[in-house]
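**Q** The lines below spell out each chain.
Number of protein chains: 2
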Amino acid sequence: MSQDATSEGDLRNTGMSLRHDREWDYELERIVEEVEERDASRVGLQFPEGLKRRGPAVADDLRALCDDDVTFMLSGQPCYGACDLDTYLMRRTDVFVHFGHSPMKESDKIIYVPLFSNVDPFPILEESLAELEGDEVGLVTTAQHMNRFEDMCDWLEERGYDVHTRRGDDRLSHEGQVLGCNYASADIDADQVLYVGGGKFHPLGLAMEHPDKKVVIADPVNNVVTIADTEKFMKQRYASVHKAMDAEKWGVIFCTKIGQGRMEIAEQIIADNDDAYLITMDEVTPDRLRNFDMDAFVNTGCPRITTDDGPRFHKPMLTPQEYRIAVGDEPLDALEFDTFHGTW
Amino acid sequence: MSQDATSEGDLRNTGMSLRHDREWDYELERIVEEVEERDASRVGLQFPEGLKRRGPAVADDLRALCDDDVTFMLSGQPCYGACDLDTYLMRRTDVFVHFGHSPMKESDKIIYVPLFSNVDPFPILEESLAELEGDEVGLVTTAQHMNRFEDMCDWLEERGYDVHTRRGDDRLSHEGQVLGCNYASADIDADQVLYVGGGKFHPLGLAMEHPDKKVVIADPVNNVVTIADTEKFMKQRYASVHKAMDAEKWGVIFCTKIGQGRMEIAEQIIADNDDAYLITMDEVTPDRLRNFDMDAFVNTGCPRITTDDGPRFHKPMLTPQEYRIAVGDEPLDALEFDTFHGTW
Chain A
1 MSQDATSEGD LRNTGMSLRH DREWDYELER IVEEVEERDA SRVGLQFPEG
51 LKRRGPAVAD DLRALCDDDV TFMLSGQPCY GACDLDTYLM RRTDVFVHFG
101 HSPMKESDKI IYVPLFSNVD PFPILEESLA ELEGDEVGLV TTAQHMNRFE
151 DMCDWLEERG YDVHTRRGDD RLSHEGQVLG CNYASADIDA DQVLYVGGGK
201 FHPLGLAMEH PDKKVVIADP VNNVVTIADT EKFMKQRYAS VHKAMDAEKW
251 GVIFCTKIGQ GRMEIAEQII ADNDDAYLIT MDEVTPDRLR NFDMDAFVNT
301 GCPRITTDDG PRFHKPMLTP QEYRIAVGDE PLDALEFDTF HGTW
Chain B
1 MSQDATSEGD LRNTGMSLRH DREWDYELER IVEEVEERDA SRVGLQFPEG
51 LKRRGPAVAD DLRALCDDDV TFMLSGQPCY GACDLDTYLM RRTDVFVHFG
101 HSPMKESDKI IYVPLFSNVD PFPILEESLA ELEGDEVGLV TTAQHMNRFE
151 DMCDWLEERG YDVHTRRGDD RLSHEGQVLG CNYASADIDA DQVLYVGGGK
201 FHPLGLAMEH PDKKVVIADP VNNVVTIADT EKFMKQRYAS VHKAMDAEKW
251 GVIFCTKIGQ GRMEIAEQII ADNDDAYLIT MDEVTPDRLR NFDMDAFVNT
301 GCPRITTDDG PRFHKPMLTP QEYRIAVGDE PLDALEFDTF HGTW
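Line by line, the protein sequences are chains A and B.
Just so it is clear: in the first sequence, position 344 is 344 by full-length UniProt numbering, and no numbers are missing.
Just so it is clear: in the second sequence, position 204 is 204 by full-length UniProt numbering, and no numbers are missing.
Just chain A, with the same shape it has in the complex (with noise of 0.2 Å):
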């Protein structure tokens, strides 16, 4: 792979030149002998947006061990984490397999299948040392790299760090583990948190929902160490919560995917306000928005999608505390990052 000037880091022999011939362990045999103990004749299998294009295969690797008469079934609904399990999928089949995800909420249905990268983490660790300012640090990674994770504590330790690791609330399964909308595991006694893992979106969310801790970014997959910096995403917050503030008629979003919905909130804000409206959808997209003439709009579900995607929007987007904030019931220097909680 060549390398140009405008990369973030050197790429060779890292996350980004093993992306195409990175190989996965599928756990086949696992899947196999649970489809035989429950004698399964139907099994969904969902992937997430990034590794859909392996479905195919995983399926042909289990036809080939399991009996003719099962039918495997590819989930083409979006799914963007186990908080986005394909419900419809998994009421149909006998056994429904959800990859790439560390499970949100056990469940005798549902196989977890992790998959793990194999990208060695410790170089870019090394490197990320300088970054650091005295020995107390917190650690905290994705699903991706739990495999690692006590490897990454006992390295930091044997260099001299105190590190700080948490395990979060129900819906994170491994500690030091954090999600797009859970940073519960950053809750730690130091000053600076340490993320191992690939690209910027969880370390961006971890900043905005620690902004008194220093996010250090030690990256594999693109090989570079870099400082998260919320500026940019904190000056679209408060640009559109001051939008907002002349809004009159509100939509208020309820998401219907499994593990992404508050309809307490939406209620509680639709029983407040005469001028609000609950809208119920599974994607929350442009399109579907725009169907409604509304002023502004309050996000119940995924928060990322609010933070990430809100300049995409025809009409401001806030969060249920950034509303409260722009109808004036708490202080703009209240604001806070939204996290989500508990499972389903």
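To be clear, the hints were calculated from the coordinates, so they are not data collected in a lab.
A couple of the hints might just be wrong.
Note that the list lumps identical chains together, so a pair holds whenever it fits in one copy or between two copies.
Calculated lysine to aspartate or glutamate pairs in the DMTMM-like style (CA-CA distance at most 25 Å, straight line) [unchecked claim]: (1) K315 to D287; (2) K249 to D60; (3) K109 to E264; (4) K249 to E49; (5) K213 to D187; (6) K243 to D272; (7) K315 to D60.
Quantities reported herein were computed from a predicted structural model and do not represent experimental measurements.
Since the structure of chain A is already known, use the hints to place chain B on it.
**A** Using the frame of chain A, we list chain B on its own:
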């Protein structure tokens, strides 16, 4: 409204000019009665795409007429027919109101509120007579004009026509009604069918399903009389079948919308073809199919996505019969329009 040379007809005093001040009868009293009778606390409202914008005002009117403790919820899901009920919202509300389509299946839970057009069909009917050959004519229309169907029959009979009408199958509520996917009401003993309604969506389907009949379109909304011409569509169908003849890997789409599922057809293809993969989804969109590395797709869901939106997909998309032609199980000249029968 100004009129230019490119318009299809004279739009003054017709549907197009009425569009913005068109009044619909939402049958509020009937809804309120049902809400009170069932002591409902949650009421779901679902509108077709073109009328979603009216939803909040209808909710306002209903709120004014009902107790304060009744919560109205607007479906934000796309809706393209009575086949496309928001089952999530339906299951979670005490009363579920579906506007704008006639019932595909009666249910205690659902109140169907038809929305009848207030456009006068007779001026354009008068104009359409010049296109009729002989006095035997079939008559069909859509749900929006069903309230004038008897009047239209009488009007034609008064002018000496022998009007053939028929109620289709279970999928259709009314005599003379057509759906985008079902033209059984035109299985009549006449060589020409008069279609009264807006746009070309329905008459093109009608002409594809009945290639032996002349389909005269009397469009009171656009104030124009035309003859349905399926040539462009048919060329696209043959081109797609030809392109798909080389396909090795097939994605077989099962649509999870309540009235669009044909699982037996999908499972049969999977059983017969080792290189076919069953993919389930509700909305069938180019983005969703791009996630799968297939050579061609068979859509067992809504046939109009295949015929009308086909060219928007990155790979050829066929109807089930077109698939059988592409793999050599049927001859090319057997090609017929894909229709949907039954309810769910």
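**Q** So, for every hint listed, does it hold in this structure?
**A** Right, here's what the structure says about each hint:
1. K315 to D287: both (12 Å within a copy, 24 Å between copies)
2. K249 to D60: between (51 Å within a copy, 12 Å between copies)
3. K109 to E264: between (27 Å within a copy, 24 Å between copies)
4. K249 to E49: Between copies only: 20 Å across, 34 Å inside.
5. K213 to D187: within (10 Å within a copy, 72 Å between copies)
6. K243 to D272: within (21 Å within a copy, 57 Å between copies)
7. K315 to D60: Intra 45 Å, inter 21 Å, cutoff 25 Å: inter-copy only.
Hint compliance for this structure: every hint is met.
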